[in-house]
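Dock chain B with the ligands against chain A, hints included.
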Amino acid sequence: MAYAYLFKYIIIGDTGVGKSCLLLQFTDKRFQPVHDLTIGVEFGARMITIDGKQIKLQIWDTAGQESFRSITRSYYRGAAGALLVYDITRRDTFNHLTTWLEDARQHSNSNMVIMLIGNKSDLESRREVKKEEGEAFAREHGLIFMETSAKTASNVEEAFINTAKEIYEKIQEGVFDINNEANGIKIGPQHGATNATHAGNQGGQQAGGGCC
Amino acid sequence: MLTRVKSAVANFMGGIMAGSSGSEHGGGGGGCGGSDLPLRFPYGRPEFLGLSQDEVECSADHIARPILILKETRRLPWATGYAEVINAGKSTHNEDQASCEVLTVKKKAGAVTSTPNRNSKRRSSLPNGEGLQLKENSESDGVSCHYWSLFDGHAGSGAAVVASRLLQHHVAEQLQDLVEILKNSAVLPPTCLGEEPETTPAPSRTLTRAASLRGGVGAPGSPSAPPTRFFTEKKIPHECLVIGALESAFREMDLQIERERSCYNISGGCTALIVVCLLGKLYVANAGDSRAIIIRNGEIIPMSSEFTPETERQRLQYLAFMQPHLLGNEFTHLEFPRRVQRKELGKKMLYRDFNMTGWAYKTIEDDDLKFPLIYGEGKKARVMATIGVTRGLGDHDLKVHDSNIYIKPFLSSAPEVRVYDLSKYEHGADDVLILATDGLWDVLSNEEVAEAITQFLPNCDPDDPHRYTLAAQDLVMRARGVLKDRGWRISNDRLGSGDDISVYVIPLIHGNKLS
Ligand SMILES: Nc1nc2c(ncn2[C@@H]2O[C@H](COP(=O)(O)OP(=O)(O)OP(=O)(O)O)[C@@H](O)[C@H]2O)c(=O)[nH]1
Ligand SMILES: [Mg+2]
Chain A
1 MAYAYLFKYI IIGDTGVGKS CLLLQFTDKR FQPVHDLTIG VEFGARMITI
51 DGKQIKLQIW DTAGQESFRS ITRSYYRGAA GALLVYDITR RDTFNHLTTW
101 LEDARQHSNS NMVIMLIGNK SDLESRREVK KEEGEAFARE HGLIFMETSA
151 KTASNVEEAF INTAKEIYEK IQEGVFDINN EANGIKIGPQ HGATNATHAG
201 NQGGQQAGGG CC
Chain B
1 MLTRVKSAVA NFMGGIMAGS SGSEHGGGGG GCGGSDLPLR FPYGRPEFLG
51 LSQDEVECSA DHIARPILIL KETRRLPWAT GYAEVINAGK STHNEDQASC
101 EVLTVKKKAG AVTSTPNRNS KRRSSLPNGE GLQLKENSES DGVSCHYWSL
151 FDGHAGSGAA VVASRLLQHH VAEQLQDLVE ILKNSAVLPP TCLGEEPETT
201 PAPSRTLTRA ASLRGGVGAP GSPSAPPTRF FTEKKIPHEC LVIGALESAF
251 REMDLQIERE RSCYNISGGC TALIVVCLLG KLYVANAGDS RAIIIRNGEI
301 IPMSSEFTPE TERQRLQYLA FMQPHLLGNE FTHLEFPRRV QRKELGKKML
351 YRDFNMTGWA YKTIEDDDLK FPLIYGEGKK ARVMATIGVT RGLGDHDLKV
401 HDSNIYIKPF LSSAPEVRVY DLSKYEHGAD DVLILATDGL WDVLSNEEVA
451 EAITQFLPNC DPDDPHRYTL AAQDLVMRAR GVLKDRGWRI SNDRLGSGDD
501 ISVYVIPLIH GNKLS
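Which chain is which? The protein sequence lines are A and B, in order. Using the UniProt record's numbering, the final residue of the first sequence is 212, and nothing's skipped along the way. Using the UniProt record's numbering, the final residue of the second sequence is 515, and nothing's skipped along the way.
Okay, chain A solo, but in the shape it has when bound (with noise of 0.2 Å):
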């Protein structure tokens, strides 16, 4: 399908925090109760408007586990979004965010648009870190903030559109350079001239080619 831009996004976490379940929630609007360890890279897609404009989000949900982090390490490279997320109602992945944020830095492009994400917010009566703690994290190392709940959807759409806006919003200022895939941003082929290649990579297979 024609889109405007494609972003690339990336899903960080402690395992269980239910990084795989908010993709769910957003791509395909279920809720997935069993805990289904990711144990390597999943990948999901969604077209989303924003200002009148198709996006198309391209979302790599990562394996939490520790012993995967090397691998999970090596996929930031290229994305223009990040959702780190934590559960609310567990503190210590509340506690890990510091060395998650650290990994992400080194490892991605500086422009990388990074949405904290304190999920899980069904479960008020479990709740160990308070909304004012993940919204003061937040704002000491300049991250948008929300909570969510991937089991009643609350603010799922929010979080994946908000981050889409930010990135959105870079662009016009010409913070990203767009021409750079690196930075986790297509130009759709729809923009026009520029984007034969960005057409041939989407397209697949096309039966012409011309050698002779």
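If you're looking for bench data, these hints aren't it; they were derived computationally from the structure.
Here chain B is said to cover these stretches of chain A; the calculated rule only asks that three of the stretch's residues, wherever they fall, bring their Cβ under 8 Å from a Cβ of chain B: (1) 36-49; (2) 58-71.
Capping the alpha-carbon separation at 30 Å, the derived lysine-lysine pairs in DSBU-like fashion look like this: (3) B:Lys71 / A:Lys29; (4) A:Lys53 / A:Lys170; (5) A:Lys165 / A:Lys131; (6) B:Lys380 / B:Lys362; (7) A:Lys151 / B:Lys71; (8) B:Lys408 / B:Lys90; (9) B:Lys484 / A:Lys170.
Where is the CB? At the ideal position from N, CA and C, for every residue including glycine.
Just chain B with the ligands now, kept in the frame of chain A:
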């Protein structure tokens, strides 16, 4: 001439780099025919990965190079592990392909068989395992056969995609006629179909001189005249029929690609490495530079050898010597340690011909100034400055750049087949067969792969359904490495593989259970 071939190399590489799958037939030079035709199969990743179009798009990220593995919900036979990663930018697509399935090989209706089961009962009581298979399999009509395949495409993804979809059907077809013969493991395959097979079990088949002079060893007093016996008759064991079937399957696949080229766009060529598990034995058939090794109790058992311009030098030189027109008057079949210069005419220089592994001196003549048939060392060795792999499927349109010289006559679709008898060993959960494309083996030695596996698997829960996939992912990660300032790096700061990398980790313990 020199500059022309130089540009041929550059152009060939350029073709690969550009990577638009439809148009690069390597040599170019007209007549490739395929470009306006539809694809035989659309490009995609292996079917067993079950990827959506969006996921295929994500997988083609040359910057982050995601390692694809089997999804949670997907299982391959024997809990086989699989992982792959795309190249670092040398082609748009991942030109490796793979497929894996369980084939049921059934006797073709009306096929000629004449194998009575007279001996099967007696044999099945023997504790050698053979009889057991026989019993189990004779319960159904067909024989089930596990199949794993790996292809590494070049100059386009067409041939690899086609082979990954169709080679298994050729294998099944070739085995069809053999089902009854193979199931009857107690009796050697009949030399001539339709004849009454010998009733004596294999070991005593050798005729005594006296018996053969009498004209046979038919059971004394049997009413029908015993069939004519010959003094010498080769004993062909069952596994040789399977080997023959696999060799024929490769050939048929190659011929099909050649035929279908007139109606479909089947770009490029591919190496092929397949494993077939049939009646308790593994058959590893390899044409190209992928590799299979077994790691058993930490020990490495090579199950294939690579076919490259260097390993096949003598075959190629001999062909060129016998049929010099294939060189189009542009190449010499002789090998010299370096390019010969005009000013060296008349001097004596080291060379070797098809009949030599060593070197000798010869007086340089005009003909020796031609570009060598095989040139370059190691991974850079090329046949006629064009291709670095000498066996595989496809490549029918591949020509030396800017010429009418076809490469295909020098390429062979014939695999080397090795056999491994699963029933001979008691395999543990960490004993595996590794299949991988050259992307892995270019940067990791057999020893390094074995070490990685013997470190990794014992640290994994033996009941974890993902353990072999995790091991495959670990191997791909070790070969791909991580992107640093100076490119992809692996352990000891060595250069990682920028090629497509695909790896199967096949646990052999399931082979024991199976047969
Ligand atoms: N109540 C509630 N449970 C959730 C929510 N999000 C996720 N879960 C549960 O938390 C568990 C883990 O969710 P996943 O999405 O698989 O966790 P993950 O972050 O992907 O974990 P890894 O793949 O190991 O990195 C599952 O059992 C989910 O059902 C939520 O918003 N509310
Ligand atoms: Mg997950």
